[in-house]
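Which chain is which? The protein sequence lines are V and P, in order. Under the working numbering, the final residue of the first sequence carries the number 506; numbering is consecutive throughout. Under the working numbering, the final residue of the second sequence carries the number 506; numbering is consecutive throughout.
There may be inaccurate statements among the hints.
Any copy, or any two copies together, can satisfy a pair, since identical chains are not distinguished.
Below, computed lysine-lysine pairings styled on BS3-like, alpha-carbon distance capped at 30 angstroms [what the hints assert, rightly or not]: (1) Lys479 - Lys263; (2) Lys65 - Lys217; (3) Lys479 - Lys65; (4) Lys87 - Lys65; (5) Lys157 - Lys263; (6) Lys217 - Lys87; (7) Lys160 - Lys65; (8) Lys160 - Lys479; (9) Lys65 - Lys417; (10) Lys65 - Lys397; (11) Lys160 - Lys397; (12) Lys397 - Lys263; (13) Lys157 - Lys217; (14) Lys157 - Lys479; (15) Lys397 - Lys157; (16) Lys263 - Lys65; (17) Lys87 - Lys417; (18) Lys87 - Lys160; (19) Lys160 - Lys263; (20) Lys217 - Lys160.
Simulated from the structure, these hints should not be mistaken for lab results.
Read off the chains here:
Number of protein chains: 2
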Amino acid sequence: MRRDSPIASPICYNRKAVAPFRPNLDPSSPTPLYRQLGIYLRQLMESGELHRGDRLPPTRELAAKLGLNRTTVSAAYDVLESEGLIKGEVGRGSYVSATPPARPDTLNWSRVLTPSFSTGAGAPANGVISFASSRPSEGLFPIEDFRESCREVLDSKNLKALLQLGSPGGYEPLRRYLLDHAVGAGVARESDDILITNGCQQALDLLRRALVRPGDKVAVEEPVYPGLKNLFLEAGADLIGVAVTAEGIDLYSLRRALDAGAKVLVVTPSFQNPTGATMSASARTEVRAMAANAGAVVIESDIYSELTYASGDSAHAPPRLKELDPNVILLGSFSKIAFPGIRVGWIVAPRPVIARVTELKQLADLHTDHLSQAFLLRFAESGRLAHHQSAVIAAAKEQLRALEQTCRRFLATCDYKVPRGGMNMWVTLPGDLDAVSLRGLAQQAGVDYLPGRYFSISRPLDSGLRLSFAGLEPQEIRKGIEILGGVIHSAMRGRAGDTQPALALV
Amino acid sequence: MRRDSPIASPICYNRKAVAPFRPNLDPSSPTPLYRQLGIYLRQLMESGELHRGDRLPPTRELAAKLGLNRTTVSAAYDVLESEGLIKGEVGRGSYVSATPPARPDTLNWSRVLTPSFSTGAGAPANGVISFASSRPSEGLFPIEDFRESCREVLDSKNLKALLQLGSPGGYEPLRRYLLDHAVGAGVARESDDILITNGCQQALDLLRRALVRPGDKVAVEEPVYPGLKNLFLEAGADLIGVAVTAEGIDLYSLRRALDAGAKVLVVTPSFQNPTGATMSASARTEVRAMAANAGAVVIESDIYSELTYASGDSAHAPPRLKELDPNVILLGSFSKIAFPGIRVGWIVAPRPVIARVTELKQLADLHTDHLSQAFLLRFAESGRLAHHQSAVIAAAKEQLRALEQTCRRFLATCDYKVPRGGMNMWVTLPGDLDAVSLRGLAQQAGVDYLPGRYFSISRPLDSGLRLSFAGLEPQEIRKGIEILGGVIHSAMRGRAGDTQPALALV
């Protein structure tokens with residue numbers, strides 16, 4: 001239907017030109033026929049089959065040809081005209097008057113959108129042994145037990161109520177179960193309440209809204225989980241990194257953060273991500289006292305403490321900060337032990353805090369998915385969660401053994417401390433090796449990790465890296481650490497001889 | 001174990017006093033025994049059974065009595081001492097030195113927490129015919145069809161992957177399904193992408209973060225859905241209410257909002273909540289052009305348009321704003337047709353917008369629950385959703401008929417327009433009747449609704465109220481409207497004669 005001078009040849013429409021009009025109209029579609037036809041015509045314009053100046057067939061003719069009511073074709077033309085794509089002229093029919101915008105061009109999105117604070121970790125490598133993701137092993141998922149829990153929920157008479165709108169606070173039987181559990185563990189008191197969230201990430205997001213105004217100083221661990229850092233940066237918080245050593249947060253560094261005016265402290269006392277560090281009972285008492293004296297709110301992320309692997313340790317697990325101080329806000333989650341694809345976590349905190357975050361939860365997404373809450377409750381109540389937890393811990397012992405043995409052998413030049421639980425370990429590279437540069441070589445050699453810089457706030461952490469081991473088989477850990485050790489060894493020799501070119505940043 | 005002068009009588013511990021020590025210790029609990037014991041002792045202090053100055057049994061003795069290792073008892077005492085609750089004195093044993101704080105008292109939460117912008121609607125009445133909730137009828141839920149969809153997902157080999165951490169953008173097969181559907185309906189173009197959210201509420205929350213800085217002017221319909229209003233108020237936006245008439249937003253009011261500098265416009269062109277109003281095709285073209293000329297971003301909430309009940313209407317449904325302008329951001333959801341307890345919705349928008357909201361989604365809660373996404377995809381793909389939608393529409397026709405007939409008869413003194421779809425209808429009371437005052441009488445008479453003030457921004461809307469009819473049976477609608485008509489009639493007579501006292505605010 002191309003015309004060189006379309007305006008000059010008004011009768012560009014003819015039988016031949018109409019022939020390719022073969023819209024695929026479906027009367028049973030929820031989209032009305034006239035709109036299906038309009039969409040088809042617009043697509044012809046977008047694809048260049050209909051051009052500016054081309055004349056459209058008369059409505060009567062097109063209707064007859066397509067077996068449509070003439071008003072349907074008129075309605076389609078009306079929409080196109082209202083979109084400014086065609087123009088009707090009395091006695092001369094309808095012409096294509098503009099080319100539809102192929103892409104949004106009237107808005108400058110980069111100016112309209114709020115700026116991003118997220119820092120990328122770089123693309124993860126495929127087909128390698130990856131220590132890059134802090135998540136449980138799919139291989140351990142107790143699929144049959146989970147299916148059984150779901151079936152029990154789906155078969156229950158309660159299903160109808162689960163599919164209806166619920167309460168922002170969460171599914172009441174799950175709330176009660178978790179709160180009873182928390183009271184039994186000495187974590188929750190009469191003064192506390194609970195909110196169900198979409199995992200721990202949403203718990204942090206809601207607390208951020210409830211506690212942090214732009215410009216507020218917030219103390220977080222450094223290295224820090226980036227999902228926590230970026231969340232507070234988005235909110236305009238002024239982040240103060242509190243150094244984390246192998247024994248947890250450094251008390252002097254915390255003192256300085258509190259003296260600088262930190263209003264909120266977010267801390268993971270057990271098996272912190274990314275370091276794997278765990279604080280002693282006495283350090284916890286000190287942290288609690290320092291925060292209380294400074295009037296700072298403490299948010300305790302407790303998502304790893306039930307993943308204590310070393311035998312005997314659980315009998316001497318240090319108390320949670322929440323046990324030491326009723327003002328502490330505690331975050332829990334099923335994601336680290338059970339299934340991260342099912343987004344259920346919770347906040348246990350003093351009632352005024354829960355009242356406020358529940359209000360914010362309603363604004364954020366009304367409430368957490370009902371079915372998932374019911375599935376996980378059934379999975380926990382039935383004892384299947386405890387059973388699964390034992391299996392995870394048994395497997396993790398093997399993972400830790402593999403890690404310990406191979407690190408001793410292949411990462412002897414590095415600084416590290418194998419944790420006794422959780423999912424992550426921090427490694428500091430020898431000499432002036434840079435973990436970002438080394439990563440490219442590691443990926444080429446068949447192993448991946450996340451460089452320390454990704455977890456940084458103000459410290460460089462260039463020589464640090466995180467190894468997440470929970471998703472790997474012991475033999476993968478052995479092989480991966482051996483490869484990594486080899487890469488480090490080569491890089492060190494290259495450095496020493498200074499004969500190799502500088503490593504490329506990836 | 002009460003002592004009048006505890007410090008003066010150091011040997012307050014004795015056999016008799018120890019006798020009530022009956023901690024319920026569970027060696028198989030994940031909480032270590034020493035902490036279970038510590039919690040038990042703390043509870044004795046909280047309940048007043050142990051008092052300041054009371055002496056605790058020696059560790060050796062208590063260990064023997066409870067059949068515990070002595071180190072377990074020592075560890076429990078250590079924790080209590082670190083909490084400042086007991087004090088050990090060499091040679092004299094351990095004393096209760098403080099009463100544990102029964103409630104958080106060191107933090108002034110009302111000063112720490114960010115202020116709330118939410119306005120309550122007042123307590124809904126129980127045991128009455130309630131027009132207060134805009135949600136579908138549970139009675140129509142196709143439970144067996146839904147169970148079948150779930151079973152198909154649970155039985156699939158894919159289940160393991162669904163339980164693992166996923167992508168912030170959403171479950172890929174669902175994304176593809178919805179985007180294909182949106183392209184077919186002429187709503188999505190090559191320049192668009194999609195994000196899966198936890199229902200439409202989260203879509204609004206993420207877009208708010210992506211588009212609105214504190215102090216930005218945002219134009220919203222008035223009366224407005226409060227979950228939208230409160231969300232933007234929390235973000236520090238400056239809301240401008242655009243009046244909604246029975247024909248949708250008032251164009252002159254929109255003109256003024258855009259002239260005042262509104263940067264974002266949120267609009268529900270079809271069956272708006274709370275009014276039920278639907279805009280004509282020509283008004284849509286005008287709105288689209290005005291917003292584009294002003295450079296304002298348009299967010300189109302399209303969660304009700306597939307609930308078009310009047311026969312023939314769907315064949316002449318006006319185009320979505322998104323069809324008229326590729327820059328428009330479209331919100332969709334399964335919640336209004338299918339199951340609101342399952343939180344799945346989506347945003348179709350130009351790629352730069354989706355890139356930004358996907359980043360924010362990751363910060364908000366990593367990703368939407370995987371299982372629910374898979375269940376709803378299966379429910380839709382299998383044709384069960386379309387089947388259910390037909391059933392909902394058939395039932396809604398009966399609801400609308402009941403509404404139309406009884407309103408004509410009993411609400412003749414009111415101003416209203418029965419909608420041709422959606423879930424809500426707006427009613428303006430006669431004279432100077434106030435919907436807040438009237439509500440108490442209505443509840444007493446057995447019917448409930450939400451007063452207009454709840455949906456207000458700057459206009460009073462005191463004589464308006466919302467009737468949500470979708471969750472009610474036709475006979476409930478008939479009876480409810482008759483009761484409401486009676487209440488209005490009585491109130492009007494009271495007013496006229498001025499013999500009744502002023503109605504109480506509820």
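Comparing the hints with the structure gives:
1. For the identical chains of this complex, Lys479 and Lys263 are neighbours neither inside a copy (45 angstroms) nor across copies (56 angstroms), given an alpha-carbon limit of 30 angstroms.
2. Taking identical chains as interchangeable, the C-alpha atoms of Lys65 and Lys217 are never at most 30 angstroms apart, the minima being 70 angstroms within one chain and 50 angstroms between chains.
3. Taking CA atoms no more than 30 angstroms apart as the test, Lys479 paired with Lys65 passes in neither setting, with 69 angstroms inside one copy and 51 angstroms between copies.
4. In this assembly of identical chains, the alpha carbons of Lys87 and Lys65 lie at most 30 angstroms apart only when taken from the same copy (22 angstroms versus 96 angstroms across copies).
5. In this homomeric assembly, Lys157 and Lys263 never come within 30 angstroms of each other (Cα to Cα): the closest approach is 47 angstroms inside a single copy and 48 angstroms across copies.
6. In the homo-oligomer, the alpha carbons of Lys217 and Lys87 never lie at most 30 angstroms apart, since the shortest distance is 59 angstroms inside one protomer and 36 angstroms across protomers.
7. Taking the closest pair of Cα atoms, Lys160 and Lys65 never come within 30 angstroms of each other, the shortest separation being 49 angstroms inside a single copy and 51 angstroms across copies.
8. Proximity of Lys160 and Lys479 under a CA criterion of 30 angstroms is satisfied inter-copy only: 25 angstroms between copies versus 50 angstroms inside one chain copy.
9. Taking the closest pair of Cα atoms, Lys65 and Lys417 never come within 30 angstroms of each other, the shortest separation being 78 angstroms inside a single copy and 40 angstroms across copies.
10. For the identical chains of this complex, Lys65 and Lys397 are neighbours neither inside a copy (73 angstroms) nor across copies (34 angstroms), given an alpha-carbon limit of 30 angstroms.
11. Taking the closest pair of Cα atoms, Lys160 and Lys397 come within 30 angstroms of each other only across two copies (23 angstroms); inside a single copy the shortest separation is 42 angstroms, beyond that limit.
12. Within a single copy, Lys397 and Lys263 get their C-alpha atoms no closer than 38 angstroms, and across copies no closer than 56 angstroms, so neither meets the 30 angstroms cut-off.
13. Within a single copy, Lys157 and Lys217 get their C-alpha atoms no closer than 49 angstroms, and across copies no closer than 48 angstroms, so neither meets the 30 angstroms cut-off.
14. For the homomeric pair Lys157 and Lys479, the shortest alpha-carbon distance between copies (29 angstroms) is at most 30 angstroms, but the shortest distance inside one copy (51 angstroms) is not.
15. Taking the shortest Cα distances, Lys397 and Lys157 sit within 30 angstroms of each other only across copies (28 angstroms), while inside one copy they are farther apart (41 angstroms).
16. When the C-alpha separation of Lys263 and Lys65 is checked against a cutoff of 30 angstroms, the pair qualifies neither within a copy, at 72 angstroms, nor between copies, at 46 angstroms.
17. Taking identical chains as interchangeable, the C-alpha atoms of Lys87 and Lys417 are never at most 30 angstroms apart, the minima being 74 angstroms within one chain and 35 angstroms between chains.
18. Taking identical chains as interchangeable, the C-alpha atoms of Lys87 and Lys160 are never at most 30 angstroms apart, the minima being 52 angstroms within one chain and 55 angstroms between chains.
19. Neither within a single protomer nor between protomers do Lys160 and Lys263 lie at most 30 angstroms apart by alpha-carbon distance, with minima of 44 angstroms and 41 angstroms respectively.
20. Within a single copy, Lys217 and Lys160 get their C-alpha atoms no closer than 46 angstroms, and across copies no closer than 41 angstroms, so neither meets the 30 angstroms cut-off.
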